[in-house]
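Novice: Work out the full structure, taking the sequences as your base and the hints as a guide.
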Amino acid sequence: EAEVAQSPRYKITEKSQAVAFWCDPISGHATLYWYRQILGQGPELLVQFQDESVVDDSQLPKDRFSAERLKGVDSTLKIQPAELGDSAMYLCASSSGTSTLETQYFGPGTRLLVL
Amino acid sequence: DAKTTQPPSMDCAEGRAANLPCNHSTISGNEYVYWYRQIHSQGPQYIIHGLKNNETNEMASLIITEDRKSSTLILPHATLRDTAVYYCIVRGGLSSGSARQLTFGSGTQLTVLP
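Going down the list, the protein sequences come from chains A and B.
With the numbering used here applied, the first sequence corresponds to residues 1 to 115, in that order.
With the numbering used here applied, the second sequence corresponds to residues 1001 to 1114, in that order.
Be aware that one or more of the hints could be misleading.
Claimed, not checked - Chain A is nowhere near these chain B residues, computed Cβ spacing over 10 Å in every case:
id	residue
1	A1013
2	R1016
3	N1019
4	P1021
5	N1053
6	N1054
7	E1058
8	D1067
9	I1074
10	P1076
11	T1083
What the hints assert, rightly or not - With the Cβ distance kept under 8 Å, some of the chain B side facing chain A (calculated, not the full set):
id	residue
12	Q1042
13	Y1046
14	Y1087
15	R1091
16	Q1101
17	L1102
18	F1104
19	G1105
20	S1106
21	G1107
Read the hints as simulated data drawn from the structure, not as lab findings.
C-beta atoms are modelled at their ideal positions from N, C-alpha and C, and glycine is treated no differently.
Specialist: Below is the structure:
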């Protein structure tokens, strides 16, 4: 069964450093999402791509976060500089993009700890 | 999107049915009810969704009240592997610009006891 891949699975960094997370969606999936999940809370959407275009980044802290999906396939989420409050799980999800209510499939996530 | 209310935690004995309630009293006519679950340290997993009719698949059943203000997810024979946080999500209808988005609440922590 096809899965969403994410790396690294765990990342420890010091505040003010730069970090990057990578996501490879299910093959053929046009829509890609990045979520952030703080411990004890549900995931919250950061950014949504349709192919290589950003559809919604209204919840992305653009002063320090950036996301790209240059060829409309895999995607990178970057934080620079990292702050203590960025410690969280970062989840990537993808969906086929053929229907507005299609199922989202999530990857295993990257757990970030900022010291 | 309409908000949902779920109990923070529930226990269930292994082999018994787990019934997880969700209130969504402000749901609109074209909004769907979705259920996802998240096993510890994994990404959320889709379970089932419905509009107004009851739905069943290999994982669970979804019962939606006639007024659509609440629903219940039923795991007919809970196993230890069903221990997870269960999220009830109301998702925008087809005409909604945010129809693709999922807005998660805090969910219900279901613990299946041996």
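Novice: Going back to the hint list, which numbers does this structure go against?
Specialist: Hints that this structure does not satisfy do not exist here, as all of them hold.
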